[in-house]
Amino acid sequence: MRIVPPKLYTRLFKAFCKPALYQELQGDLEEEFNFNLKELGEKKAKAIYRKEVLKMLRPSVIRKPKIIVNMFRASLFQIHLKLAFRNLWRNKVFSAINIFGLAAAITVSMFALNIIYTGLSVDKQHPHTERLYRILTKVEKPNVSPYVLASTPSVLGEKLRDDIPEIEVLTQFSPYHQFKETINGNSVSLINLMVDDHFFEVFQFKAIDGDPHTALQNKSSCIITDDIAERFFPNENPIGKILGSGLIVNAIIESPKGLSHLNFDIISSSSENPNMVNTEGSNYLERWNHFYQGYTYFRTIEGVNQEQLNNKLKQVSEEVNTIKKDTESTFDYRSQKIGDIMFGDEVYNPIGSSLPKDILYVLVILITILLLLASFNYTNLSIARAIQRTKEMGIRKIAGSTKSQIIGQILVETIVFSIAATLVGFLLYRFFVPEFVALMDTGNLIFNPNTSLGLLLVSLGFSVLIGLVAGLFPALYFARISPLNAFRSNIKSKTMSLMNIRKGLVVFQLTISMFCIMVVTAGSDIYHSIVQNNWNFSKEGVVSVEVAPKNRQLLKSRYERIPGVVGVSAVSSLPGVGTMGMTMVKQPNYTDSLMVNFSVVDSDFNRVFESKLFAGKNFERLSSDSTLTEIWVNRKLLADLNIPLDSALGYTLSVQKNIARYQVIGIMEDYLFDRLDAPQIKPTMVAHEKIDLYNRSLAIKIESKNMAVTLSQLEKATKEIDSEQAFTPIFLNDSIEDSYNDVNQIVKLFQFLSIIIISISLLGQLGIALYNAETRTKEIGIRKVLGARVKSIISLLLKGTLATLVIAALIGAPLAYLFLQQTFWLSPLIKPQYEGLVLAQGVLLLGSLVVFVVIAQTWRVAQANPSESLRSE
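Going by my numbering, the sequence shown opens with residue 410, and the numbers climb by one from there.
Treat the hints as calculated values from the structure; they're not laboratory data. Warning: the hint list may mix true and false statements.
What the hints assert, rightly or not - Within a straight-line C-alpha distance of at most 25 Å, the following computed BS3-like cross-link-like pairs (lysine-lysine) qualify:
no., residue 1, residue 2
1, 965, 1125
2, 1021, 1091
3, 1114, 1045
Remember, it's a predicted structure, so these values are computed and weren't measured experimentally.
All chains, full assembly: derive it from the sequences and hints.
Below is the structure:
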C-alpha cells in the first residue's frame, strides 16, 4: 500500500497557497516526503511534512482571500467611500440620528473605559510590583458568616518577619481618617497615614521636594501631598512649616489619587500616633484580637510564588489559632497581590480606593449595552428603509456588483458613521470631563481626567467594531437578495420577518430605558426621604464648628454665654452623619471581643440634640474620681454580646485585661448615629469621656429667631479668643446631606446614564416615526379624503408604539424591582411603602416622552393637504 503525505495538511496548503506557486511547491514537498520516508521512516517523514507545510504559510506564499480583495481594492474602496458620504448627505435626518445616538453611547463608554484603563494601571510605579503583596484576615466565628478584612493585627508583622524568611521587607501602617488639622488658620479634615520606617522601601511616590526616605527620621515630622501643598501653600514653600497639630512638614510627594489604591493627604510616623490603641501593656493573646488597627504589606525575595507564600501563611494561621484555642474566633491569613486589589474581591475595612470585581463587570456590561443600543438605531433604520434600498441594491447587482462588493459598501457606510460618531463623542467626552470630576468626587474613584493615547486608540477600535456589528445584518440581507426580487412589488414575507426583527430591537431599547428610568425615580425618592427623614434627634438650628484643641474649652464656655445659644456640646462626630470610628469591647472575663462603632460626646449632648432613648438616662457631669466611663449602647450591641435588654442598664464592659471600663446608663433608639441606608444596624456605643482625649468639633444649637445675629456674635467671640481661629459654621442638615453624597452621586450617575440611554431610544423612535410618516403619506392622504380625522390618524400610527411600550414595561418593571431590592431598598427604613407607585412614575414618564415624540412627527403629516400627497396618483 502506497503511503501518502498527511491529507489534512495537503488540503490546508492548497487552500492557502497562491495557485501559480502551488504545483511547484507541492511537488517539492512530496519529493522531500518520499526521500524522508525511505531514510527516516513513516512517522518522522509525516512530522517533517507537517512542519514544512506550516513553514510555507508566509505572506509571499499565502494568497489573499477573494472577498477581501473585492471588498477593499483601492479603487473600489474610493467608490464605496464616496457613496457612503453621498448617502450620509442625502439622508441628513437619519444620518444625524445615527451619529448623535452613537456619539452619546461612545461618550459614556469613554468614561467607563477610562475607569477600567486607569484601574488596571494603578500601583505600577512601585519597585518590583510583581513581588508586592498585602495580608488579608479571614475571621470565622460560630453562627456568624466568615468575613475577610484588609486589615491585620499589628503583632502579625513581628511574627511574619520571624517565621517567613522569603519576605524581603515588610511595612505596617494605620490610616487616621478625619484627622483634624489646622493649616494656615484653616481647620480641615484630612487622611493621615501613620507609617513605620519601612514604608518607602515598599512603596514609591515621586518626591516633589525633600527626601521622603529620610523625612520621618524626626518623629514629629510629616510628609504632605502636592495637592495639600497647592491648596494651603499656593505662594510659599511648605517645607519647615509647623501645622496646628505640631507636625513639621519635611517633604512633599505626588498625590496618590489615580496612581495608587492608597489614599492619604499626610504621612506621619506611627510612633507619634496618640490615637492608636496601646497594646504594649496588653497580653499577647489579646493583641491578636486587634485586627482593625492597621495594614500589612511586604515584598518577597525573587523566585517566590504566591502558592508558596500562602502555604507559609497557613502555618502562621494555625499557630495563632493554637495560641487562641480557648476563644471562639479563628483567623486565616492569606496574601493578595497588589495588582489584584483594584478589581479584586470585596473586603471589609478597606484602605483607599478600590472597585469590586462586580463593578468591572458592570462597566463592561454597560459599555456593551450602550453600544448595542446605539448600533440598534442604525440596524432599525436600515431595516425600516429596506424596501427603498432594495431597489438600489438591485440596480447595483444588475450593473455587475458582487455580493462581497455589496457587503463592502454597507460596511464602509457604517464605519464612516461610526468614525464620525467617535469624533463627536470625543468632543462631548472632553466637554463633560470637568462635570464628571466634580460630580463623582474622583478622589474616591479611579479616573484620569487627562486623555491618554491608549484610551483614544481603544475608543477608535470600538468605533470600527461597532460599525462592523451594526452594518453586518443589513449588509448580509442586501447581499443575499436577488435582482428579480428587488424589483417585485410584493415581497411581504421577507419584509414581515424584517419588521419583526425591527420590533424586537425597539422593544429591547425601550426595556433598557424603562429599567433605567425606574431606578432613577426610585433612587431620587430614596435620597430625598433620607435627607428629609424625622431622625431620633433634633437637627433644627444646629451648627458645627471645627476648632483647634487648645481653644475648645475656652470657646465652649464663651459660646454658652451668648444670647440665642441654647447649648454647646463637644462631639467627636455628629448624629446622622456617622460615628468617629471603631473600637473593640467585650464582657469582663470573656475572651472574644466585639467590634463596635464608637463616638465620644460630653455631658451637654442632649441639650443640643434632644436625642431619644429607648431606656436609661442622659449623661451628667462626672466627678474626677469616677472610675467608669458612662456609655449609651444600641440594642444591636446588646444582642451581639448576649446581654438581656431588661438587665442591660448598669452592665459593665471592658477593652483589655478584663478590667471594667464602661458602664451602660442608656439604650439608644436605632439610627441615632447609623446611616439610614445601611442594610442592617451595626453595634454602636457612645461614650461620655471625662478627659478630652479625642479631636472634637463643637455643636451649637441656636434659637431660630435672629439666627444671623447669633452667628455674627459667635464669630466675634471666636476672634476674641484666638484671632487666627477660623469660624466656619456648617448646619447639621448640610452635614447630613454631605454624608450621603455617595448615594447622591450614584443617583446622579444613573440620571446621567438614563439621559444618555433614553436619548438614544428617543432618537431611534424619532427615526422610525419619521420613516413611518414618510412611507405612509399616501395612505394618510386617502384616509383624509375618505373623511378620517387627524385624531384617528394619530391614534392609528400610535397603536404600535403603545403596544411596544406596554411590552417594555412588563419586562422592565420586574427587572427594576429585583435590582432595587438588592441595592437601594436594602434598608427597611427607606424602602417606599408603595413600591409599585414608584415604578409606575418611571413608566409614565418614559411613555409620555415616547408618545410625545411620535405624535410630534405624525402631526405634521396628518395635517398636510391630501391633494399634495395624491397629486401624482
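Legend entry - Structure-inconsistent hints, enumerated in ascending order: Number 3 only.
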